[in-house]
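Protein chains: 4
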Amino acid sequence: MIIQLKQDIPSGQKETLIEKVNGLGYTVTEVKTQVGAYLIGIGKKAFDIRKIGALDGIQDIHIVSDEYKLVSKKWKVKPTSIDLGDGIAIKDGDMAIITGPCSIESEEQIVKVIEHMKENNLSMMRGGVFKPRSSPYAFRGLGMEGLKLWHRLAKEAGIKIVTEVMQVSQIEQMYDYVDVFQVGARNTQNFNLLDELGKVDKAVLIKRGISGTIEELLQSAEYVFSGGNEKLILCERGIRTYEKASRNTLDLNAVPILKSKSHLPVVVDPSHGIGIREFVPQMALAGVMAGADGIIYESHENPDKAYSDGQQTLNFAQSSLLADQIRKIFAMRKTFDLL
Amino acid sequence: MIIQLKQDIPSGQKETLIEKVNGLGYTVTEVKTQVGAYLIGIGKKAFDIRKIGALDGIQDIHIVSDEYKLVSKKWKVKPTSIDLGDGIAIKDGDMAIITGPCSIESEEQIVKVIEHMKENNLSMMRGGVFKPRSSPYAFRGLGMEGLKLWHRLAKEAGIKIVTEVMQVSQIEQMYDYVDVFQVGARNTQNFNLLDELGKVDKAVLIKRGISGTIEELLQSAEYVFSGGNEKLILCERGIRTYEKASRNTLDLNAVPILKSKSHLPVVVDPSHGIGIREFVPQMALAGVMAGADGIIYESHENPDKAYSDGQQTLNFAQSSLLADQIRKIFAMRKTFDLL
Amino acid sequence: MIIQLKQDIPSGQKETLIEKVNGLGYTVTEVKTQVGAYLIGIGKKAFDIRKIGALDGIQDIHIVSDEYKLVSKKWKVKPTSIDLGDGIAIKDGDMAIITGPCSIESEEQIVKVIEHMKENNLSMMRGGVFKPRSSPYAFRGLGMEGLKLWHRLAKEAGIKIVTEVMQVSQIEQMYDYVDVFQVGARNTQNFNLLDELGKVDKAVLIKRGISGTIEELLQSAEYVFSGGNEKLILCERGIRTYEKASRNTLDLNAVPILKSKSHLPVVVDPSHGIGIREFVPQMALAGVMAGADGIIYESHENPDKAYSDGQQTLNFAQSSLLADQIRKIFAMRKTFDLL
Amino acid sequence: MIIQLKQDIPSGQKETLIEKVNGLGYTVTEVKTQVGAYLIGIGKKAFDIRKIGALDGIQDIHIVSDEYKLVSKKWKVKPTSIDLGDGIAIKDGDMAIITGPCSIESEEQIVKVIEHMKENNLSMMRGGVFKPRSSPYAFRGLGMEGLKLWHRLAKEAGIKIVTEVMQVSQIEQMYDYVDVFQVGARNTQNFNLLDELGKVDKAVLIKRGISGTIEELLQSAEYVFSGGNEKLILCERGIRTYEKASRNTLDLNAVPILKSKSHLPVVVDPSHGIGIREFVPQMALAGVMAGADGIIYESHENPDKAYSDGQQTLNFAQSSLLADQIRKIFAMRKTFDLL
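Residue numbers (my numbering), protein chains in the order written: chain E, 855 to 1193; chain R, 855 to 1193; chain F, 855 to 1193; chain W, 855 to 1193.
Source of the hints: derived by calculation from the structure; they are not laboratory data. Fair warning: there could be bad hints in the mix.
For identical chains, the list gives no copy identity; a pair is met inside one copy or between any two copies.
30 Å max Cα-Cα, derived DSS-like pairs, lysine-lysine [said to hold, decoys possible]:
hint	residue 1	residue 2
1	Lys928	Lys1056
2	Lys945	Lys1098
3	Lys930	Lys945
4	Lys966	Lys1182
5	Lys899	Lys1098
6	Lys1115	Lys1182
7	Lys886	Lys1115
8	Lys1115	Lys1159
9	Lys1188	Lys972
10	Lys1182	Lys945
Model the full assembly from the supplied sequences, consistent with the hints where possible.
If you want it as structure tokens, here you go:
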């Protein structure tokens, strides 16, 4: 059960409400986000909704029986728009294109990517400064110095920054330099990290776990939302299966399913989803037709010299072509009558 | 190694060639298909290709080190076109749309589907008369009577028949009534069935196994080809993974990978691929953008009353809309510069 | 619903019963096996069991709501014993040891294996004469000639033959030379083959599908049973997962789960289950402790020279040691109070 | 390459060595643990090992080409023993039995478990005070208060504590109250947590990821080892597959494979591995025969009233029986000649 509270709820009334709901055999979690206040009641007993619904201070009340609640479409049918400022947003009905290198490497590299983006009218840049690596001996990113440098250059260019945060202690130091915190596939169920991102007033893009279910992705988003942060984006990036001809198995089924279950925007990462450069464009375009609200892919001036993920990274010519195709195909999709 | 023989190879020369190749430490399999004759040499020793290449009767010789050979793009770069007669074909550069019910149920049902198809200018109809069912107590199809009835009606309407063959003994009886033999996902590695289909001059559509790899699908195609039948179509229909929010996980990565490895056309089955009616159109269109040469989906006048698979079957209004969208999106794809 | 019929059911009474059950809204399948006669009613309506139970000719009636029925433990609590003659059986409470090469290769090879078996008091021999191979160019077995040779030698030695049947047309020709027909992992859902094996009075060992569920394995067994053959053995042989450090992932969880759901004996194949010779013994012993009624593993005089599967095949010294350890560990298991 | 340094390496000599190794085109990571000092060289060029091996200060030098190095058996053949004090250890050649509830719930609960353990001569207790839960609304454990209470009671009883640490900031506060830090399956690739656990002089038990490979588990252990902590235990606890008849698929193949690749002890968790109470004993015993050095399973006075995981938790009678059976079967295993 989700109880949406009114902005002007009378003092003491919230406590009365919690008591009433407890009295029904439900435990209550209070949630206060950037845009609303909610009481989440967890329990199984049936009850007459009118007993609560008529009380003062309540804007609306919804029965949501899924494990995830606040991220569900069952109470909030209107899609959530993630506004990054300066007219830049990730939202249903629009097509966000996010690109950039796997790792931030140098000032020169950043400058080249930004030039490429400006030429193609792209305004959201991805890149890693803290890199999760399965081997402890691999390159782990430029860290905060890299992020500050990148931020200075991106800000001048009017470009938004999407980058991975790996642990709680990084949130505060990164905060001023980031537009979208990315939670990587290995951290989708790092619940402490999700809890802390709930306390932040910044957008969070959550990647599906390496072998995470659609349900688990929604529950991870529920962590952040119930922590207080509604600015969430879901990302399909491929799952681990027995098939080894591709790096991951891009599960585009997840796109319409997530869109039907949640009001949050959904983006697709074809670079990790297939892991083979020459096929990234097809999979990006397939993602658009599956219903994605955005595409996030890797690009680099010289992919073969990239510090990481070069095999799945587009060069700028390929990236320009793809951005144009994404826009064309999306324009056609908008004319279709799809769910 | 694939040795393409000349049509007019002198008598006795083939035997001489086989001896030579054996002499290199290679075992030889002779293959004679509708359009060519080949010697397949299997071995590992390196040798000077000129020693054989210059001999009489040889048109060309190719080193193909993959497990599959005749279906590989390495020796035959030009895509294979599967011609069904009357100007109907499944081929690269075109978009085949195959639709129809899961099961053939009755004359009335067939007539309705055919009407729907004619209205939408569709000419390839799918349907099952022999149904593989995991429970022995479930409906197993109308069998040969159903097929004969269907054939009569389809022929009058100029519509081609795509239907599953489940065992060797059915091939002969079905032969006169079928345009494309379908090998189902549970039979992808039924090697005896593949062997026998190699002896038939009819197109064969092979579905990827329930948890088959891309490599195994190509090897299954190799069985039919090396048995003598080049008229092959590959079909991605979703694989089994841990994710249970969809019936299968449609692996669209397989489309560009198959197209890059093989000269055979590739079609996508979004109905089994996601298993949820309302999302079949998105996944069909995603399949087109991933590079498919055709889409095969289930349709029925009244899906909720279908004998099987109703939950993933489109009604005729949805099917008409989808066929139109597939054509539009494919027309746009053709203007793109994709692999 | 399973209705067990009496042996001496009055003439015409079966037809009356079927009519009654149809009248309840249930479809009826008649099953007649080596040891009993049954009516299987499939339907969903609730009804008063006494309405049928009291009728003449009925021995017992059971409500079984699973998809599989005749193989379920819900109606037949007593474990089924598969008697191969000469005091050799595969059954609960006993430990069957089945060994032999992947492929039958030559008279000398067979003789050596039989000698090894006699020395170790082993009486069930496995081996392939028809080999399913993913590549059409690989060795496909010695066929009927190999089987006849093997049968002559095994019979003299009092050894039973377990071998794979790949297609319907082989059943009749193999019948006289086989003690247990094996259905391979690629044929677990070859429903025509299962149907035909239902008509045979010979034991059938069904391997779990390459990525088959436990439920599907039971349904495949239901095919054979409902076709008329109760002599069934289930086999766990590893499933396909993302993990590639082993050939398959041996799912020993399946052993207690199968034993709790079905009255059929369960054997474990550690050779295919891990695919690495040096670890086959540990996995065989683990299978015993998981509750298996038998172990089937590959052995060969000289595994490194075996035509196939050498990497997972034990030599005779290893096999002797393992057989002894299986017996010891099983003797200890019998003293334990396990389900 | 692993260079083991001498304890008495002359001052300045390490720097000289690093320079030399860099000169070979290798990057160098310095590792200093509780028991040794190492230089890890990462690179691909071949070189003459004698050029370095003869230098002062080097105890030994090993070429290890796997992605993991310090946890590999290739340089350290002797198994690592994890000594917890008071004669309690987890090590090859011995059988550690770790048991206790999923969650620490109350003083009474702890007392009951400890009594049960003392009666059965068990000395390592598991339990969660910080619980990773996929839903933000579920019970998250008693936290530090629960741990302190538990520690007081366990210490009096001479029992060692194994408990999960979920984030970096908990390490320091938990340090004094924990004998073995457990890294849960959702944190196996939480690299920051692994890094920090590398700085701690306490044993760390790393569970295999929800769908982690064997290779990834070893790389995660490499993180901790290369951070400075050699006291590592690996744990197989089941992986995620398509099979839903069990909670996870216990991959016992991993046991002999891990033991052959690494010098670290390996324990098996049958409770999470199958997730069904009545089958936990069989899977525990199977784990012993697969070669495990220990078993970790859940027990509770009244499993049906446990806060979490009750369905897979043994009651005390079952636990006593199992501990006895584990010891008997392990005693027999020691008489066998297994790898």
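Q) Which numbered hints are broken by the structure, listed smallest first? A) Hints that this structure does not satisfy do not exist here, as all of them hold.
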